[in-house]
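Novice: Chain by chain, the residues run as shown.
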Amino acid sequence: MPVIVMASPKGGVGKSTCTVLLASEFARMGADVTVLDCDPNKSLTRWASHGAPSGVTLKSDVGRSEIVPTIRSADGDGKIVIVDLEGVASQLVSRAISQADLVIVPMQPTALDAEIGSEALALVREEEEALGRSIRHAVVLTKTSAAVKSRVQKELEQQLSGAGIDVIEPSLVARAAFSELFAYGNDLTAMMNDPEMMTGGKVDKAILNAQAFTEAVYERLK
Amino acid sequence: MNGSNRLAGLKARPKDTTVEEVRRVDEVGEARGFLDRTPRKKPGRKPSPRTHQLHPKVFPKVGEAIAAEAERLGITQGQLIEQMWEKWEDQ
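Protein sequences, first through last, are from chains A and Z. Going by this note's numbering, the first sequence opens with residue 468, and the numbers climb by one from there. Going by this note's numbering, the second sequence opens with residue 524, and the numbers climb by one from there.
It is possible that some hints are incorrect.
[Stated by the list, open to error] With a cut-off of at most 30 Å between alpha-carbon atoms, the simulated DSSO-like pairs for lysine-lysine come out as follows:
| # | chain 1 | residue 1 | chain 2 | residue 2 |
| --- | --- | --- | --- | --- |
| 1 | Z | Lys534 | A | Lys546 |
| 2 | Z | Lys565 | A | Lys689 |
| 3 | Z | Lys538 | A | Lys509 |
| 4 | Z | Lys569 | Z | Lys580 |
| 5 | A | Lys526 | A | Lys546 |
| 6 | Z | Lys565 | A | Lys509 |
| 7 | Z | Lys569 | A | Lys509 |
| 8 | Z | Lys580 | A | Lys526 |
| 9 | Z | Lys569 | A | Lys689 |
| 10 | A | Lys526 | Z | Lys538 |
| 11 | A | Lys526 | A | Lys689 |
| 12 | Z | Lys569 | A | Lys546 |
| 13 | A | Lys526 | A | Lys509 |
| 14 | A | Lys672 | A | Lys546 |
[Stated by the list, open to error] If the Cβ cut is set under 10 Å, some of the chain Z residues that face chain A in the computed set are:
| # | residue |
| --- | --- |
| 15 | Leu533 |
| 16 | Asp539 |
| 17 | Asp549 |
| 18 | Gly552 |
It should be emphasised that the hints constitute simulated quantities derived from the structure, not laboratory data. Computed from a predicted structure; not experimentally measured. Ideal placement from N, C-alpha and C gives every residue a C-beta, glycine not left out.
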């Protein structure tokens with residue numbers, strides 16, 4: 468079963484959010500999902516400490532020397548492995564990419580995110596050359612506006628498409644529910660069904676966004 | 524999108540994980556600035572483990588008794604000897 472790697476040398480672009488959403492949705496579909504938290508900030512470990520959804524197993528503190536054997540041991544029939552990487556340019560990142568069936572590069576629609584995120588895309592292509600096999604990769608725009616598509620976002624999408632880079636649709640909209648998940652734990656459905664959970668955002672819209680995003684990722688893994 | 528039967532269609536590509544391949548991946552990464560950033564261990568000698576040895580020339584029974592009393596009081600043997608010395612001087 469596939470290994471999905473979230474990669475970008477820039478921090479705060481939404482790698483952990485993408486990981487949590489995909490892990491929750493794939494687990495809801497019946498997959499046995501293993502999530503590897505390779506980020507020293509331990510965002511996923513904090514999320515899981517509040518309770519992880521059924522079907523999601525977390526492995527923390529995975530470093531450079533452990534990443535390849537850990538992915539290999541977690542991989543298997545009916546299992547999906549999702550790797551949340553640190554937001555720096557490290558050998559841990561390059562090694563994880565070499566084990567991926569799909570590399571997702573989250574990017575906010577800003578020039579800085581695009582410039583730093585392109586380093587990850589370039590690394591994927593160079594690894595493809597060095598290893599002599601293709602590594603599927605795609606960009607997902609994150610923290611986009613729910614109301615309007617900004618001029619910068621339109622231009623960035625055009626540039627990425629023009630460069631032959633696969634852009635996942637839909638983008639992940641800036642939703643309060645996405646960021647609140649890390650304080651709440653579990654998944655968006657549990658959050659919506661909890662009468663005591665107070666959120667400033669629209670959880671139903673967040674769920675639809677997460678489902679559509681997961682569906683788009685699923686199509687790339689077939 | 525419910526149903527685990529859909530997941531059966533997902534496939535993983537075979538990947539080699541030989542030492543040679545990992546080395547090549549490291550080289551490609553390093554050329555692009557993706558370096559080994561594993562935190563280095565703290566330099567210097569690690570603290571020696573406590574041996575409870577007082578002095579080589581103290582009789583073993585005396586040394587053991589002092590060690591046991593220091594442990595009972597929750598202080599080091601050195602602190603216990605300091606206390607003993609204070610009492611000796613007060614006499």
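Novice: Hint by hint, where does the structure go against what was stated? Just the numbers, ascending.
Specialist: Violated hints (numbers, rising): 2, 8, 9 and 12; every other hint is consistent with the structure.
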